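Line by line, the protein sequences give chains W and D. Quick note: the first sequence uses my numbering, first residue 1, plus one each step. Quick note: the second sequence uses my numbering, first residue 1001, plus one each step.
Note that these hints are calculated values from the structure, not bench results. Keep in mind that the hints are not guaranteed to be accurate.
Cut-off 27 Å, straight-line C-alpha distance, at most; resulting in silico cross-link-like pairs (DSSO-like, lysine-lysine) [unchecked claim]:
1) 1038(D) <-> 77(W)
2) 1122(D) <-> 1089(D)
3) 94(W) <-> 1349(D)
4) 77(W) <-> 114(W)
5) 94(W) <-> 114(W)
6) 114(W) <-> 1209(D)
7) 1038(D) <-> 1089(D)
8) 1209(D) <-> 94(W)
9) 94(W) <-> 77(W)
10) 77(W) <-> 1209(D)
11) 1122(D) <-> 1209(D)
Footprint (simulated), chain D over chain W, 3 or more residues, beta carbon under 8 Å [said to hold, decoys possible]:
12) 72-78
13) 109-116
Keep in mind the model is a prediction, meaning the values are calculated, not measured. By construction, the Cβ of each residue, glycine as well, lies at the ideal position given by its N, Cα and C atoms.
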Amino acid sequence: MSAPAGDPDANPVRVLVADDDADIRDLVEFKLTQAGYAVEAVPDGVSAWEAFSANPPQLAVLDVMMPGLSGIDVLRKIRESDFAGVPVLLLSAKSRDSDVDTGFAVGADDYVIKPFSPRELLHRVNGMLARAR
Amino acid sequence: MIVGAALLLGATIVVLGACLLLILGVIAVRARRHSRSKRDEMLLSPLRPPLITVASGEDDDGSAAEELTWATGVSRTVLDRNIADLLTKIRGAPAEQLVRVLEVHGAVDAAVGDLSSRSSVKRARGAQLLGLARAAHTVPLLVDALRDESVEVRNSAAYALGLIGDASAAGPILAAIGVPDRGLPAATAAEALQSMGVGISEVLREGLKDENARTRMVAAHLSGERSFTRGLPELRHLLAHDPDVTVRETCAVAIGRLGRGEDADVLARHTGATEPLPLRRACVTAIGELGEPGAVPTLAGLLGDPDPRLAELAAGALITMGAEGRDALAGHEDDAAVRSARLVADLQKSAA
């Protein structure tokens, strides 16, 4: 499975992945890395915000329920930052309409509900980046 | 006096001793859990790379999945547990590949065997695994498990049937709600049925005629949620005649979701002061959902209702009904119900 992650000679597109579930974190990191992205994976919201602030990525994949800062909290901070335009995809087991509404209301560009298809996630990441260019 | 002091000291020592034992017990349990988790992590570590490869859908040649099938002994047990956990998080081709690993390990067959175990924990786990593995051939066994003596097993069986999604199980799930002393919780049944396809519409329609009120309530709720309009005549009938107020209330909500303009009149008949308050409130909300302009006079007449919540719901419904609804609010602008409804509407608008 390959993805349009840009010119192979150019710097790869950087993606921040934050999830406290090691399985999800590892498999999303692996999937995106295989597709040619440079992935930084972190286990909680605080680390996610620190990583984002230190070196803003071109896209962020955030779990909603994380210890410390939730994905929604991190998204809110991103939208208030100098890098508010970075596309953010929320990945969550919270599947109620109201949860999805909240995610988009705070500024998510996409919302994927667990259980999810890794292939579909990759397509969505590709699409978001293509639209952001 | 001395005897009393000795008794007090003795009681204090006993209480402190019991506390100490309790603390030691908690520490021991935590230490055991921690060491088991470390052991599992160590056993799983060589299998983690192929597991992640399969779970991410990157095992195009199937070599990583094959590697997983070679696991034996305790490693296999730990791996199978991890796979079952992963199946709650991912779907699609990678999930199917992981299920095949479970099948090769014999975990699916073992889960079938667990359904007849004496341990209710094993029976519940077995049912759950069969659902996660989408083991369609086990639907009859899971249907039997809906009447298990343990509520955890009944819940797991319903959850599993929902995951498998075979509409033939919808009838037994609905029927299981009304089993005396061993009933399936209504919320579990609703959740399981929610994930099934359109093939359940006739089952729900039949459920609306069931003698058990909770079954009728679940059938009414899902008819509305899933927009099964064929059940509308039954929903209207139950709204007017069901002996259970909760069923009537649920029917009102469902009609609000899937009803037609003329249903505003049907709902309006149950907004009168002689009807139970929860039903009146549900009907007013449902009229608002329908958005039928012909219901404006009914709603306007409720703005001065002695129940402030009902008045607020009527005002909220009028706000959503366009110019006619807003005109009906003229002269009531300072009413607490109208102000409150406006505030809620503004908050909803800004949240969206």
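Count residues of the stretch 109-116 of chain W with a Cβ under 8 Å from any Cβ of chain D, then say if the count reaches three.
Check passed, 3 qualifying residues.
Pairwise hint evaluation, residue 77(W) against residue 1038(D), where the allowed Cα distance is 27 Å at most
violated (35 Å)
Within 27 Å, alpha carbon to alpha carbon, are residue 114(W) and residue 1209(D)?
At roughly 36 Å apart (the allowed maximum being 27 Å), residue 1209(D) and residue 114(W) break the hint.
Verify the proposed pairing of residue 94(W) with residue 77(W), using a straight-line Cα cut of 27 Å.
With a Cα-Cα distance of about 20 Å, the restraint between residue 94(W) and residue 77(W) holds, given a limit of 27 Å.
For a C-alpha distance cap of 27 Å, please report whether residue 1122(D) and residue 1089(D) respect it.
Cα-Cα ~22 Å, so holds.
With a cut-off of 8 Å between beta carbons, are at least three residues of the stretch 72-78 of chain W near chain D?
violated (count 0)
Are the Cα positions of residue 1038(D) and residue 1089(D) separated by 27 Å at most?
Roughly 22 Å between the alpha carbons, so the hint for residue 1038(D) and residue 1089(D) holds.
Can you confirm whether the C-alpha distance between residue 94(W) and residue 1349(D) stays at or below 27 Å?
holds (22 Å)
Taking only the CA atoms, is the gap from residue 94(W) to residue 114(W) under or equal to 27 Å?
holds (8 Å)
Is residue 77(W) close enough to residue 114(W), meaning Cα to Cα at most 27 Å?
holds (24 Å)
Please verify whether residue 1122(D) and residue 1209(D) have alpha carbons no more than 27 Å apart.
Since the Cα atoms of residue 1122(D) and residue 1209(D) sit roughly 36 Å apart, the hinted pair is violated (cutoff 27 Å).
Regarding the pair residue 1209(D) and residue 94(W), is the alpha-carbon distance no greater than 27 Å?
Since the Cα atoms of residue 1209(D) and residue 94(W) sit roughly 34 Å apart, the hinted pair is violated (cutoff 27 Å).
Checked against the numbered hints given earlier, the structure breaks hints 1, 6, 8, 10, 11, 12 and satisfies all the rest.
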